[in-house]
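Asker: Residue numbers (this note's numbering), protein chains in the order written: chain A, 484 to 869; chain B, 6 to 303.
Note that these hints are calculated values from the structure, not bench results. Here the structure is a predicted model, which means the values were calculated and not measured. Among the hints, a few may not be true.
[What the hints assert, rightly or not] Computed spacing ranges between beta-carbons, pair by pair:
id: 1; chain 1: A; residue 1: N666; chain 2: B; residue 2: Q57; range: 44 to 50 Å
id: 2; chain 1: A; residue 1: T491; chain 2: B; residue 2: A289; range: 37 to 43 Å
id: 3; chain 1: B; residue 1: D20; chain 2: A; residue 2: V742; range: 33 to 39 Å
id: 4; chain 1: A; residue 1: D675; chain 2: B; residue 2: R192; range: 36 to 42 Å
A virtual CB, placed ideally from N, CA and C, is assigned to each residue, including glycine.
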Amino acid sequence: MAGKAVLTGTHFMNGDEACCEGALAAGCRFFGGYPITPATEVAERMSKRLPQVGGVFIQMEDEIASMAAILGASWGGRKSMTSTSGPGFSLMMENIGLGLCTETPCVICNVQRAGPSTGLPTLVGQGDMMQARWGSHGPYEIIALCPASPQEMFDFTIRAFNLSEQFRLPVLIMADEVVGHMNERVVIPPADQIEVIDRAKPSVSPAEYLPYRPGPDGVAPMANFGDGYFMHVTGLTHDQRGYPTMTPAAQVEMTERIVGKIRNNLDRILDYETLLLDDAQVAVVAYGISARSARGAVLAAREAGLKAGLVKLNVAWPFPEQFIRELSHQVKCMIMPEINLGQMVLELERLAQGRCAVRLVAHPGGTIISPRRIVEAIGQALKERP
Amino acid sequence: MTTAPAAALARHPHDDLLRTERIPHIWCSGCGIGIVFGSLMAAITKSGLPRQDVAVVSGIGCTGRMAGYIRLDSFHTTHGRAIPFATGLQLARPQGKVIVASGDGDLLAIGGNHFIHAARRNMDLTIICVNNFNYGMTGGQLAPSTPYGAKTTTTPQGNPDEPFNFCALAAACGASYVARWTALHIRRLTNTILEAIHHRGFSFVEVVAPCPTAFGRRNKIRGALDLLRFYYDRSVVKNHIAPGEATIDFDHHLVVGKFVELDRPTFLDHYQMVNRGQVEAWPATGVDASAAGQRKAG
Ligand code: SF4
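With the rest of the complex left out, here is chain A (with noise of 0.2 Å):
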């Protein structure tokens, strides 16, 4: 049964079904993964749209094995994804590292719930936000976007294979329980409107190819199984013929390449968005489905003659480090809301400086931050003393 890869339209539709539908837009073609709360959806579509484009979905044992076969995929040149909530991403941490070490395009949408554990599998949590960036052992650099709709997802999702092709390494969604099961309109462009961005291929012979020599940009062109190039791909510390190499100098060269080619192409990467900004006394930082709260609690404090402005995080990881260091130049407080008891709070912390107050306004989960909180943490920091 043939089927359209692009929906182009107006849609009504849930968080994880856009997800689905973005991942097949930018031209994902293999799903492997293992069901779970509130991410099942994403598996469920998949498995329906799938062969509708010539694409393959299984579902595996377990997510150590959805994680291990979307890498494999991707060797194999399809574009490739997986989708999970809190368990399964543990389960996910080893084999994302090897997708990092090795340098592996890859999406792996992470619709979170309340943990710690089992914890509420049916109600919203944003605690892995940390995991996600130091969940798996060793040094790198690792990209996170952070939907807070429906649309977002679909746009987000394209947008996270473009960039996992671009810069060759799993790329996170650290979506929520609530984004993904809230229906909203969801506009699919036509084809021919959306980016769509594919791995760099090896320009050279095979005699003259080292599978990881980085470009000028830092990344490294990549061959695919079955282009005769007869590369080595390994979790163990490599040099640019990708051959294990036991020396302090090879792991030197080697995080510094994928680290590198996060920290050197920024602004290639990070995307936030303003509110109310320019002459804010306070910035409300906020991701996710908390930065639809924020958005609502800085209208209301406006309203009460509250100079309070907004930072939508659209990508969380790599931290946008120097924007925030500016701002806490300029504003007197910065508040993060987050469903979780205090984690993106503390990169404000550490690039504030002390310059201005940061102050967290925290739920563990089950139930979004209600806006009327923020505006009080609003209105209570711009009543204390600078």
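Following the hints, position chain B with the ligand against chain A.
Answerer: Below, chain B with the ligand alone, put in the same frame as chain A:
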């Protein structure tokens, strides 16, 4: 005395399949892995498959280093995860042949869950398992194959566990090709690997191989040749017997041979059939609605 030119001396029949710049390899002298590796290269050569259409995937361990020495697209993955990685690789490029080469601990302890499910799905993969009854790379710890009573560094008083019979397990899970040889059955091993490569579906080849360094030494069979002989002398060839009877019993018989060879659709065959609507809905015989209705009414 005449000496052969150095270039001629340096050649090995499998040089074109070797990443010669990575030699010397890490394996101990007397290790059985090299023999299996040689058989694998000979089988790949004999298969006549275009080189770019063959990939080798391995996990972690001494055997897992095979992927690093073969001049093919080769993938050295995480501990236990070679099979699911290979699953993705194969499904993404089904025209390619994907061979998984790894050790017993990697494939059947930490990777056991993946093994049974890939066999169940009849995933089109060839699995070469070098079984040396312990974890060699980390110095000789207990494996799921370690014989009852054998000494390893984590069973210093002797192994209290019953070992797996990998061939029986593979067959029970649905593997469509299952065979076992020792590392001294070189010719038969090479032919078996060749058959396994040409087989469509989940083919499993277990090779009982010596690890003199970590396993033999602790169990009073120090010499590599002694250990090779120890396995070989106990082996009896029993083709096509029930896989459950293909036991590894060091007091009596170490059964070798080809135990299973079935022609059955692979995962991808079934997937394509289902997507084309060629598979009848389950259950084939529907519930008799009228009878059910009558019972309710009564
Ligand atoms: S430790 Fe054992 S398995 Fe490993 S290379 Fe040495 S002999 Fe072979």
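Asker: Cβ-Cβ distance between T491/A and A289/B: within 37 to 43 Å?
Answerer: For T491/A and A289/B the Cβ distance comes to about 40 Å; the hint holds.
Asker: Given a hint of 36 to 42 Å, does the C-beta separation of D675/A and R192/B actually sit inside it?
Answerer: Roughly 59 Å apart at Cβ, these two residues miss the hinted range, so it is violated.
Asker: Go ahead and decide if the range 33 to 39 Å is satisfied by the Cβ distance of D20/B to V742/A.
Answerer: Holds: the Cβ-Cβ distance is about 38 Å, inside 33 to 39 Å.
Asker: Given the range 44 to 50 Å, decide if the beta-carbon distance of N666/A to Q57/B lies inside it.
Answerer: Distance hint for N666/A, Q57/B holds at roughly 47 Å.
Against the hints set out earlier in the document, a violation occurs for number 4 only.
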